[in-house]
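Residue numbers (this note's numbering): 1011 to 1383.
Simulated from the structure, these hints should not be mistaken for laboratory data.
Careful, some of the hints might be misleading.
Claimed, not checked - Label-pair ranges, simulated between beta-carbon atoms:
no., residue 1, residue 2, range
1, LYS1014, ASN1280, 46 to 52 Å
2, LYS1122, ALA1339, 44 to 50 Å
3, LYS1033, LYS1122, 50 to 56 Å
4, GLN1202, THR1069, 19 to 25 Å
5, SER1137, ALA1281, 39 to 45 Å
6, GLN1051, ILE1203, 27 to 33 Å
7, PHE1085, ALA1339, 52 to 58 Å
8, ASN1280, ASP1027, 35 to 41 Å
9, LYS1014, ALA1300, 44 to 50 Å
10, ASP1135, ASP1234, 29 to 35 Å
As the list claims (entries may be wrong) - With a straight-line Cα cutoff of 30 Å, these simulated DSS-like cross-link-like pairs (lysine-lysine) come out:
no., residue 1, residue 2
11, LYS1342, LYS1265
12, LYS1033, LYS1014
13, LYS1096, LYS1047
14, LYS1088, LYS1014
15, LYS1116, LYS1162
16, LYS1047, LYS1265
17, LYS1096, LYS1122
18, LYS1116, LYS1096
19, LYS1139, LYS1096
20, LYS1047, LYS1014
21, LYS1088, LYS1265
22, LYS1047, LYS1033
23, LYS1116, LYS1047
24, LYS1047, LYS1018
25, LYS1116, LYS1088
26, LYS1172, LYS1162
27, LYS1033, LYS1059
28, LYS1140, LYS1116
29, LYS1018, LYS1265
30, LYS1088, LYS1140
31, LYS1175, LYS1162
32, LYS1122, LYS1047
33, LYS1140, LYS1172
34, LYS1088, LYS1059
35, LYS1096, LYS1140
36, LYS1033, LYS1018
Positions of the beta carbon are idealized from the N, C-alpha and C atoms, including for glycine.
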Amino acid sequence: NQEKSVLKVQYGNHTLDSLILDKGVQNFRLSFPSFAKGRTQTELFLNGKILDTLRFFSTTTPPLQIQFLLGNPDFESKTLAEWLGKSGHSVQMETVVSKDMGNTLKINQPGKADVYITDPDHASDPSIKKAVAQGKSVLFMNAVDAEADTRKINQALDTNWKVRKLSNDASVPLAHQLTGLPYEWLPSLRQQIIPGYPIAIDRGSSKVGVSLINETYPLQLSGDSIAYENLWTAVLAELQPTLRNTLTVNAPLAKHIRATLQLNNLSETNATLRFGADTVTLQSSPINPASAEALIIPHQTGWVTCQDSLEIFIESEHAPSYPFLLTQAFVKAHSNFNNEPEKGEKLHSIPDGFWLLLLFLCFTALWAEAKFN
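Work the whole structure out from these sequences, hints included.
Here it is in structure tokens:
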């Protein structure tokens, strides 16, 4: 990149994500929640000029069973519960009024909870501790004092949240005119931060999230339901329980270039996988019988059916990314020939003198045959 540029991914006229690239070589990441079922096509733009088309296939995830555990009902939790219910999830909201009294609100016939949403004051609640011990997901919202609240959560659930104060103001501005506590998360290998927002998810034996946003319901009141949906869809995606029968592949895939399909958390072990018109053999993992992989070499372009319910897009030889993918495959295939031997390792190659002797013997045999015949 020779100058500062704007990179963005768009769906029609709607910008899904964007960033500013500085001059020079740099890594970047664009992210956005999937917003449609089935085949989806988006465009990648650099300074208003289209670079490439990004295609992916989305499937619906099973509805979540969500339980709220709060001390006092507020507009933030009520708005979120209503949105979750309208999105097809089942919700149960328990509000503790006093020691022996409480209220319960149910939406869409909730069952056993997958995700718990609570506040830091309930970090030591037995039901929250039990949920974490069972591998359930928990999200803490309505934080007031980031340092004190994270300390409560760390002590109760053996997490390792660390924050750093940004200013002495009561709040700091966020995207879409929202506000948050004046703190930021310190980097941690186990924790995933929701892009653009001070919400982080700790990925341990269970998923524990903490939000430092003051309130998100103003998005709904102002009519910006898309921003509200994008925010909470991104959060739920991180809190989602591990799905069964998942398939992972590094896109893009291209015609005649080998690729690997990775299958995880299989409910049953199959020996083969259907990919387009081909039947591909699955190689099970020797350490995890619920994982397997398949090597494929696509022979057609466009959307190709995988099993019965998935589709994968295969690029043609004329795609902008094809030269890069071809070079990448060539380098990978020949990398073994360029590996230097490790210290102490001997290369078992045939000496040049052996080939010279063999060539001399061949000429001698030809000379002898001609002479005696």
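Here is how each hint holds up against the structure:
| no. | hint | verdict |
| --- | --- | --- |
| 1 | LYS1014 / ASN1280: 46 to 52 Å | 50 Å, holds |
| 2 | LYS1122 / ALA1339: 44 to 50 Å | 46 Å, holds |
| 3 | LYS1033 / LYS1122: 50 to 56 Å | 54 Å, holds |
| 4 | GLN1202 / THR1069: 19 to 25 Å | 22 Å, holds |
| 5 | SER1137 / ALA1281: 39 to 45 Å | 43 Å, holds |
| 6 | GLN1051 / ILE1203: 27 to 33 Å | 28 Å, holds |
| 7 | PHE1085 / ALA1339: 52 to 58 Å | 54 Å, holds |
| 8 | ASN1280 / ASP1027: 35 to 41 Å | 36 Å, holds |
| 9 | LYS1014 / ALA1300: 44 to 50 Å | 47 Å, holds |
| 10 | ASP1135 / ASP1234: 29 to 35 Å | 33 Å, holds |
| 11 | LYS1342 / LYS1265 | 17 Å, holds |
| 12 | LYS1033 / LYS1014 | 5 Å, holds |
| 13 | LYS1096 / LYS1047 | 17 Å, holds |
| 14 | LYS1088 / LYS1014 | 43 Å, violated |
| 15 | LYS1116 / LYS1162 | 29 Å, holds |
| 16 | LYS1047 / LYS1265 | 25 Å, holds |
| 17 | LYS1096 / LYS1122 | 19 Å, holds |
| 18 | LYS1116 / LYS1096 | 13 Å, holds |
| 19 | LYS1139 / LYS1096 | 29 Å, holds |
| 20 | LYS1047 / LYS1014 | 35 Å, violated |
| 21 | LYS1088 / LYS1265 | 50 Å, violated |
| 22 | LYS1047 / LYS1033 | 37 Å, violated |
| 23 | LYS1116 / LYS1047 | 28 Å, holds |
| 24 | LYS1047 / LYS1018 | 22 Å, holds |
| 25 | LYS1116 / LYS1088 | 12 Å, holds |
| 26 | LYS1172 / LYS1162 | 12 Å, holds |
| 27 | LYS1033 / LYS1059 | 17 Å, holds |
| 28 | LYS1140 / LYS1116 | 21 Å, holds |
| 29 | LYS1018 / LYS1265 | 27 Å, holds |
| 30 | LYS1088 / LYS1140 | 25 Å, holds |
| 31 | LYS1175 / LYS1162 | 17 Å, holds |
| 32 | LYS1122 / LYS1047 | 27 Å, holds |
| 33 | LYS1140 / LYS1172 | 23 Å, holds |
| 34 | LYS1088 / LYS1059 | 43 Å, violated |
| 35 | LYS1096 / LYS1140 | 28 Å, holds |
| 36 | LYS1033 / LYS1018 | 16 Å, holds |
Hint compliance for this structure: hints 14, 20, 21, 22, 34 are not met, and every other hint is.
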